[in-house]
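Trainee: What follows is the residue order along each chain.
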Amino acid sequence: MLLRPNPASGVPIYLQLMEQVKHAIETGALRPGEQLPGIRPLAEELVINANTVAKAYRELEHEGVIELRHGAGAFVSANGRPKKATEKLRAGQAVVGDAVRRLRERGVTDEEIRRLFEAELAGVAKTGESRG
Amino acid sequence: MADAPVVEMVDLHKRYGATEALRGLTLHVPAGSIFGFLGRNGAGKTTTIKILLGMVRPSAGRATVFGLAADAASGSVEIRRRTAFVSDEKDLYDSMTVAEIIRFTAGFFPRWRDDLEQRYLRKFELPPDRKVKALSRGMRTKLALLLSLSRGAELLVLDEPTAGLDPAMTEEVLQALVGHAAREGMTIFFSSHQITEVEQIADAVAIIDRGRTVVSGALDDLRENFRRVQLVFDGEAPAAAFEAPGITRVRRAGRMLTVLSTAGAEPILDRARALHAVSMDVVPVTLKEIFLESVTTEE
Chain A
187 MLLRPNPASG
197 VPIYLQLMEQ
207 VKHAIETGAL
217 RPGEQLPGIR
227 PLAEELVINA
237 NTVAKAYREL
247 EHEGVIELRH
257 GAGAFVSANG
267 RPKKATEKLR
277 AGQAVVGDAV
287 RRLRERGVTD
297 EEIRRLFEAE
307 LAGVAKTGES
317 RG
Chain B
13 MADAPVVEMV
23 DLHKRYGATE
33 ALRGLTLHVP
43 AGSIFGFLGR
53 NGAGKTTTIK
63 ILLGMVRPSA
73 GRATVFGLAA
83 DAASGSVEIR
93 RRTAFVSDEK
103 DLYDSMTVAE
113 IIRFTAGFFP
123 RWRDDLEQRY
133 LRKFELPPDR
143 KVKALSRGMR
153 TKLALLLSLS
163 RGAELLVLDE
173 PTAGLDPAMT
183 EEVLQALVGH
193 AAREGMTIFF
203 SSHQITEVEQ
213 IADAVAIIDR
223 GRTVVSGALD
233 DLRENFRRVQ
243 LVFDGEAPAA
253 AFEAPGITRV
263 RRAGRMLTVL
273 STAGAEPILD
283 RARALHAVSM
293 DVVPVTLKEI
303 FLESVTTEE
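Protein sequences appear in the order of chains A and B.
Take the first sequence: its letters are residues 187 to 318, numbered as in our numbering.
Take the second sequence: its letters are residues 13 to 311, numbered as in our numbering.
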């Protein structure tokens, strides 16, 4: 269910794992109450550091996405992610999908699109008025 | 990760005659971490490992392992009892069979773990009756690993563990290491110049260059804090405005300025906005780029 993270992407591996788990919940691949793989087996399967898997699970628990039950393992939270948030994300995905498609049509490469999103998220939008 | 460091080196110097192998090296290896030790050939990696194991004495500075001084005779014996080491040579007795060298080695270590020996014998599919000299390079590496992992050591030191292995074999070795670290809770310190494998399994790293530590810390922190920002200005790019703490490199090419920061992109973006940059791009920096930016490339 979880894929090998890309260690060379510059994005911390625990963040990549967190995104994958959230995505699996959003798509329904993981359902509320279902168990996630154990930290050690998952670390071995993905050939990544067990501390990294533990960190991803801790952060996901902190966000309320999963529950860590002592001695039993990690489970998708029973109430899961509020439906509203799922809908919000779906709607957002449609907007992003549309933007990406239009940019590609204009010949902007995927790498350029990625950088535009990064810059936008990092707050460059605030300088809109100074753009030439 | 909050535990006391297993290995601590502070301002280490080592001189061989006129050559300075180490020139103020500082390292903290957290307990339970997989620590990647990166540097170019000749940067001082092997000297550092030899000091750690008490095989070489530092000219100045402090080196402790498990809180014991590595350059004191009593400390060094205790350190070597609790530390397993695999050299890049994978020194093994060629005339013995796999089974013989395992029995021979086990005899030296009271804490030898038969369960781990059996586990890795199966996992690595080592032929017990084959002579060591008839093993392939990959098999030889696996045998050396089996001998170290079965010792019941608390610290495993590996010098270039995957050198010369094909990608499939490398993956098998890395998998054994992450699995072992997770199950046994031991600390693994490994030197490498395979940056991708360090990125894959390490949680803390140090990059050394010419005998000095140039970058060190938790890999996630480095990934989150290193940013490359590309700025375009209307006129000549003002390079001097970006000389500040956390900014390691500023390159100017006409109207374009590339700034490398170790403290996130925000301070640079603030600055760039004030200077009315017309375009700003933020790009994450990979460990490979961090490495290439940190080590000297000219001879």
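The hints are simulated quantities; they were obtained by calculation from the structure and are not laboratory data.
You may find that some hints are simply not true.
Subject to a maximum C-alpha distance of 20 Å in a straight line, what follows is the list of computed DMTMM-like cross-link-like pairs (lysine to aspartate or glutamate) [as the list claims (entries may be wrong)]:
id : chain 1 : residue 1 : chain 2 : residue 2
1  : B       : K300      : B       : D282
2  : A       : K274      : A       : E249
3  : B       : K62       : B       : E20
4  : B       : K300      : A       : E297
5  : B       : K300      : B       : D246
6  : B       : K300      : B       : D233
7  : B       : K135      : A       : E231
8  : B       : K135      : A       : E297
9  : A       : K208      : A       : E249
Per label pair, the in silico range of CB-to-CB distance [as the list claims (entries may be wrong)]:
id : chain 1 : residue 1 : chain 2 : residue 2 : range
10 : A       : E291      : B       : H205      : 42 to 50 Å
11 : B       : T31       : A       : E231      : 40 to 48 Å
12 : B       : D233      : A       : E231      : 42 to 50 Å
13 : A       : R292      : B       : A175      : 24 to 32 Å
14 : B       : E236      : A       : G214      : 46 to 54 Å
15 : B       : N53       : A       : G293      : 17 to 25 Å
16 : A       : N265      : B       : N53       : 33 to 41 Å
17 : A       : G293      : B       : M268      : 29 to 37 Å
Beta carbons: idealized from backbone N, C-alpha and C, even for Gly.
Trainee: State for each hint whether it applies.
Mentor: Going down the list of hints, with the structure as the test:
Taken as a hint, the B:K300 and B:D282 pair is broken in the structure, with Cα atoms around 27 Å apart against an allowance of 20 Å. A hinted pair counts as satisfied when its Cα atoms are at most 20 Å apart, and A:K274 with A:E249 qualifies at roughly 17 Å. For the hint linking B:K62 to B:E20, the alpha-carbon distance of about 14 Å falls within 20 Å, and the restraint holds. Restraint check for B:K300 and A:E297: satisfied, since their Cα atoms lie roughly 18 Å apart, inside the 20 Å limit.
This hinted pair does not check out: B:K300 and B:D246 have alpha carbons roughly 32 Å apart, beyond 20 Å. The hinted pair formed by B:K300 and B:D233 meets the criterion: a straight-line CA distance of about 15 Å does not exceed 20 Å. With a C-alpha separation of about 14 Å, the suggested pairing of B:K135 with A:E231 holds against the 20 Å cut-off. Taking the CA atoms of B:K135 and A:E297, the gap is near 41 Å; set against the 20 Å cutoff, the hint is violated.
Among the hinted pairs, A:K208 with A:E249 is consistent with the structure: their alpha-carbon atoms are about 11 Å apart, no more than 20 Å. Between A:E291 and B:H205 the beta carbons are some 43 Å apart, a value that agrees with the proposed interval 42 to 50 Å. As the Cβ distance of B:T31 to A:E231 is approximately 45 Å, the hint placing it in 40 to 48 Å holds. At roughly 25 Å, the beta carbons of B:D233 and A:E231 sit outside the given window of 42 to 50 Å.
Distance hint check: the CB atoms of A:R292 and B:A175 are about 47 Å apart, inconsistent with the given range 24 to 32 Å. Checked against the hint of 46 to 54 Å, the C-beta distance between B:E236 and A:G214 comes to roughly 31 Å, which is inconsistent with it. For B:N53 and A:G293, the hinted distance range of 17 to 25 Å is not satisfied, since their beta carbons lie about 43 Å from each other. Hint check: A:N265 to B:N53, Cβ distance near 55 Å, so the stated range 33 to 41 Å is violated.
Range check, A:G293 to B:M268: Cβ separation about 21 Å, and the 29 to 37 Å hint is violated.
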